[in-house]
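Given the coordinates of chain A, assemble chain B onto it according to the supplied hints.
The listed protein sequences derive, respectively, from chains A and B. For the first sequence, counting from 1, position 58 maps to 58 in the numbering used here; every step adds exactly one. For the second sequence, counting from 1, position 127 maps to 127 in the numbering used here; every step adds exactly one.
No lab work stands behind these hints: they were computed from the structure. Be a bit skeptical, because a hint or two may be false.
[Stated by the list, open to error] Quick look at which bits of chain B chain A covers, simulated, 3 or more residues with Cβ under 8 Å:
| no. | region |
| --- | --- |
| 1 | 2-13 |
| 2 | 57-69 |
[Stated by the list, open to error] Derived DMTMM-like pairs (lysine to aspartate or glutamate); straight-line CA-CA distance at most 25 Å:
| no. | chain 1 | residue 1 | chain 2 | residue 2 |
| --- | --- | --- | --- | --- |
| 3 | B | Lys102 | A | Glu89 |
| 4 | A | Lys92 | B | Glu57 |
| 5 | B | Lys74 | A | Glu138 |
| 6 | B | Lys2 | A | Asp62 |
| 7 | A | Lys25 | B | Asp80 |
| 8 | B | Lys33 | B | Asp80 |
| 9 | B | Lys102 | A | Glu130 |
| 10 | A | Lys92 | B | Asp55 |
| 11 | B | Lys2 | B | Glu118 |
| 12 | B | Lys2 | A | Glu24 |
[Said to hold, decoys possible] Sample of chain B residues facing chain A (criterion: CB under 10 Å; computed from the structure):
| no. | residue |
| --- | --- |
| 13 | Met22 |
| 14 | Thr45 |
| 15 | Glu131 |
Built from N, CA and C at the ideal position, the CB exists for glycine as well.
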Amino acid sequence: MIFLTRRATFAAAHYYWNDGWSEEKNREIFGKCANRNGHGHNYTLEVTVAGEPNAVTGFVVDLKWLKDVMEREVLAAFDHRHLNHEVPEFAKTVPTTENIAIAAWRRLEPTINSTGGAKLSRVRVYETPEIFAEYRGEA
Amino acid sequence: MKAYFGRRYMLSASHRLHVDAMSDEENRAAYGKCNNPHGHGHNYTIEVLVGGAVDPETGMVMNLTDLDAVVQTKVVERFDHMNLNHDPMFLNQVPTTENLCKEVFRIVSGELPAGMLEYVRVEETENNFFECYAA
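Looking at chain A on its own, in the form it has when it is part of the complex:
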């Protein structure tokens, strides 16, 4: 089994807020991330696909195809957007790095897994070079 990874970057704004909590509790749990005017990051999206190399092409998947899928399914929706206001997944869900990784997985999985061979294995999202989250499709 080969694991193939493609990276892409996007820039987006967000803030953390739970409507069910008081302003005080939001500030206590989320700290600076609870600033309602939002803030932004340069995110890095890492998508890992697992499979066997095709006998003819030697590819697990065509990287150009994977790049296009990532751009169409994720970057077109997330890049230069305010995640809380413009991405439907985060209308009621806090756009933490964990939830961004889960949302990206859900956007990517149907297309990637429809190829017949390779399967989506891991989505990792870096919020900064030092902070990241990943989702592996686990329940």
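Chain B only, in chain A's frame:
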């Protein structure tokens, strides 16, 4: 829904790879430049990955401030700008990055809920790193 949260921490420390049970010649053969008597240093990167259910209230596997409280206090403050050989942990074992990685895993896992620590990676330089997973 299980997801993973990772964080990278930097620390600078010195060490010397030397084992008293071996002769000077054996130490030089085993450790080369790393055996130089006065030690040398690295900028280490410690990468910690924790796994668990995403809390629907917070959207988090673990609050970064809680993870920082553990790793900064128990690992970074202990080793940053220190000589690893002088830490009690390395009085009886050589401070290779393998051993540092294993000990950081033990320290951090002891402070977190059972089974939550997925791995500890210690990067000694940009070109070599070590990972420790739960046995």
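Quick rundown of the hints versus the structure:
{"no.": "1", "hint": "2-13", "result": "holds (count 8)"}
{"no.": "2", "hint": "57-69", "result": "holds (count 8)"}
{"no.": "3", "hint": "B:Lys102 with A:Glu89", "result": "violated, 39 Å"}
{"no.": "4", "hint": "A:Lys92 with B:Glu57", "result": "holds, 11 Å"}
{"no.": "5", "hint": "B:Lys74 with A:Glu138", "result": "violated, 30 Å"}
{"no.": "6", "hint": "B:Lys2 with A:Asp62", "result": "violated, 29 Å"}
{"no.": "7", "hint": "A:Lys25 with B:Asp80", "result": "violated, 33 Å"}
{"no.": "8", "hint": "B:Lys33 with B:Asp80", "result": "holds, 22 Å"}
{"no.": "9", "hint": "B:Lys102 with A:Glu130", "result": "holds, 21 Å"}
{"no.": "10", "hint": "A:Lys92 with B:Asp55", "result": "holds, 14 Å"}
{"no.": "11", "hint": "B:Lys2 with B:Glu118", "result": "holds, 12 Å"}
{"no.": "12", "hint": "B:Lys2 with A:Glu24", "result": "violated, 28 Å"}
{"no.": "13", "hint": "Met22", "result": "violated, 38 Å"}
{"no.": "14", "hint": "Thr45", "result": "holds, 9 Å"}
{"no.": "15", "hint": "Glu131", "result": "violated, 15 Å"}
Of the numbered hints listed earlier, those contradicted by the structure are 3, 5, 6, 7, 12, 13 and 15.
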